[in-house]
Amino acid sequence: MTQARVPLSELEIDALTELLNIGVSKAATSLRDLIGTHVALSVPHLALLSREEAAKTMTEREANALVGVHQSFEGDLQGRALLIFPEAKSLELVRAVAGGDLSLEDIIALEHEALAETGNIILNNCLATMANLLKRRVKISLPKIVHGTGETIFNIGDTSEEGDSALFLYIDFLIRDRDIRGYITMLMDMPALFALRELLREFIERTSGETRAE
Amino acid sequence: MSDENVKWPVLGFDAVDAGLAVLDRETRVRAWNSCLASLTGISAELAMGKTLEQTLGAEISPRLLTSLRQATELGASSTLSHALHPSLLPLPDRLGRPVLHNVTVTPIGELGSYCLLHVADITSIALREKVLRERQNARYDAVVDSAPDAIVTVDAGGAIQWINKAAESSFGYASAEVVGRPLAALLGVDGLGQTLRTVLQGAALARPVEIIGQHKDGRRIDLEVSASRWASHDRVFVTAILRDITARKLADRTLRRLNETLENIAAERTADRDRMWLLSSDLMIVARRDGVITATNPAANLLLGATDDRLVGSNIRDLFMEDDRPGWDAAQEKLTSASLRFELRVTASDGKLRWIDWNAVAADEFLQAVGRDITSEKEAEFALRSAEEALRQSQKMDAIGQLTGGIAHDFNNLLAGVIGAMEIVKRRLHTGRTEDLTRFTDAAIGSANRAAALTHRLLAFARQQPLNPQPHDINELIVGMDELLRRSVGEQVKVRTFLSPSIGLAATDGNQLENAILNLVINARDAMADGGTIDIITTSTKVNLRQAVSMDGVAPGEYVCVSVKDTGTGMPAEVMAKAFDPFFTTKPIGKGTGLGLSMIYGFAKQSKGHARIESEVGRGTTVTLYLPRTQAGAQPIAGEAVLQAPSGKGETVLVIEDDASVRMLITEVLHELGYAAIEAADSRGALPILTSDARLDLVISDVGLPGMDGKKLAEIARQHRPTLRILFVTGYAEHAKVRDEFLSEGMDMITKPFSLDTLGHKVREMLA
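Read top to bottom, the protein sequences are chains A and B. Everything in the first sequence is counted per numbering that gives the first Met the number 0, starting at 0 for the first residue and increasing by one. Everything in the second sequence is counted per numbering that gives the first Met the number 0, starting at 0 for the first residue and increasing by one.
No lab work stands behind these hints, which were simulated from the structure alone. Check each hint, because a few of them may be wrong.
Here's a subset of chain B near chain A, in silico, CB distances under 10 Å, partners left out [said to hold, decoys possible]:
{"#": "1", "residue": "T65"}
{"#": "2", "residue": "A70"}
{"#": "3", "residue": "R96"}
{"#": "4", "residue": "K129"}
{"#": "5", "residue": "V130"}
{"#": "6", "residue": "P181"}
{"#": "7", "residue": "R234"}
As the structure is a computational prediction, the values presented were derived from the model and not from experiment. Glycine included, C-beta positions come from ideal geometry on N, C-alpha and C.
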């Protein structure tokens, strides 16, 4: 899909990665405060893909069932954000976050809420930090848990037309000696993406201006 | 009240079954519904206008503050779960139970102005779930925790979600170490992945699957897996029961290996046996119990000159040489499963007889015989035996030669003395020179007596010499020999005596003891060619049981010892070991009989005593005789009684003796002593006299008579004259040895040669 190729320059990608890294590190701090143990989150890589490409990449990487925390945002920035894990890892994540010697049944019972809140913290921090740094307002919905596969998970809760682009991020969790890799995906339609590019350019200009001023 | 006046949103707000509050950017309460008032116990009136912290009177958690700020400032909605926040808001307990609640914060109104705080009481739901879960868990835990088998629950991704205690011990991992890890990789379980996929897809396992697992320490574990799928909250799990069958598998493998090994061994052994059957040079024959041959090996065929076919079917008995067949019959009867060994001859194909050493067993209706050809061994053995026999014969001849040579030498010396003296007497009588004749007759008698002593010694050696053990004072006996001994050893050798005074009396034959001592002294002299000292020592000693055993089994008790000790050359151990052997001598042929020490030994043994030799080369030799000490009070025999023989009173004596000169001598003596003597040469001459009524007071009869012997004659005589006194004369020690059974009441015996005085005394004694 050619229209998926919204031209984000390398600099703009870098800037976006930087923004998200700040957001993720804030999320790490929040999680640490919440569960009382060191949490390391990092975004090693960011890619801008079409939704199909994102789905394909997801499928290649994760053959099994996936679980996602889904939040939509609207305002100056518009789209949907997904924090995705292999379903197999989600219980581990819950166990890591909830801690203690919970039985499997307890973990299962708590899974939904614990996962939602964990995703909520990460996504809120990413989105809010991004909006804040871009000096824009967004309204972010409450999180929802979604299940699916690499093929289907991006279509869930989708109300927009096909042709969305996906900001595809890898995210590494390191909690209580457990290394859990997940994915953050922001699905935005063309206009939203163009708006993002404008905001990024403003941000870069502002930031470099501030740098020059110093 | 009309509908227009009703504030529906307010009513609705209050009616919602969830705690709701509207807060501004400073968390000041702008709305507080009744449900929240009920949950917090704080009325809307009290809450309105105050910050949330002031309202609740408690510190607000940073997470909630962040959420509130994010909502009002950034427009972000947050959810705060009881799962991660056990007590987010200080809600009072109802009936002592905590109020479990979830909180959400959402921005409302103009962006950046207000947020809605939503508090959901989920206590009853959570509790109901918890009760259900616990009830289920209680049953479940009871089963799985006590289960001996490892039970593992994995999720759809194959990650371990739970393991029981048995699994912990089976695999060596703590639960925390493995939960969240993939089962297959962690436990080294091969093939479980496929099983899991199968089960996850909903297919039931028809039967348990056997897989191989790995313990934390690397040990292999054989497992039997049964698994089933279950679901919870839309999640699929597989719980697998992993039964450790390592021990069973090991036993199976061991048994299988054992079986294989046994088969191999059996095969190898059969092959070995076949090879041995074919290669053995021993004859191998298998036959039925009745002897009919069923198989023979090539060695048997070769020796017996037959093909297998010809031997098979014939009877094993026919193989043996005819003379040996009874031997086979006897062996066959005795045959059992224990091997029996026997030697029987067979006729070989070349017609020659072969000695075969057979080893046979009988088992399971068959008998197996293995035979080894020992003909050449037999021949060698026979040759050896012949050679040995020849050697023994030659040795015997040597010994006899030495003996007869020695005896002839001694006898010649003695005869020379007798003959010489008698010739002088004869010449002097011819010429009428009768003075000084006694000197020569004494010399003749002396030589003859020594000849008698020599024969005695020979007989003593043969242990056929009847001894006459009497109590003797050994010290006195030695003192009496003093002159004789000194003269015997010559001037270069000094003889000393050390006689212990109270040694008591020894039971022995005085004459033989004198002979023995003389012999020892002469041996000692011969060992000291350059002169030296001979000590004759008497002692007494007590022999205990232990010592007695080492002394060829003499009876324990008190003994009188006579030692003859020289300072001569001594003898090496190997000579000493043979010193008592008959015919052993270190002297050249003709110089001695080689019987000296052996005769002394024989004498000591016959006296129920012992002889011991001690010697050291260069230091000398000591020979000690042990003679049993006898009861004090027994009258010692004082030296030779030189009493004049008592005279007879005309009693009639029948003399039966085939040797004319002996008969003449006896008759002559009897006449001189005043007896009437009748002569008979044998039974033919004697019987008429014996059966007659003529007066007979005594019969003196030789035992060994031609025809009827003396014993038989005496029996006949006794039938006629039951009280007739009979004195036997014998030169055969055999008779003397059995004198007690030979002689009955009124009978006695005298041994040749005897002195005439002795005869006179014996006759007088019997007629007394």
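Verification of the supplied hints:
1. Evaluation of the T65 of chain B hint against chain A yields a held restraint, the C-beta minimum of about 7 Å falling below 10 Å.
2. Hint status for A70 of chain B relative to chain A: holds, with the closest Cβ pair at about 9 Å, below 10 Å.
3. This hint is violated: R96 of chain B has a C-beta 18 Å from the nearest C-beta of chain A, more than the 10 Å allowed.
4. Given hint, K129 of chain B at the interface with chain A, holds; its Cβ is 8 Å from that chain's nearest Cβ, closer than 10 Å.
5. With 10 Å as the threshold, the beta carbon of V130 of chain B stays out of range of chain A, its nearest partner Cβ sitting at about 12 Å, so the hint is violated.
6. Hint status for P181 of chain B relative to chain A: holds, with the closest Cβ pair at about 9 Å, below 10 Å.
7. A least Cβ separation of about 6 Å between R234 of chain B and chain A falls short of the 10 Å threshold, and the interface hint therefore holds.
When the structure is compared with the earlier hints, violations turn up for hints 3, 5 and for no others.
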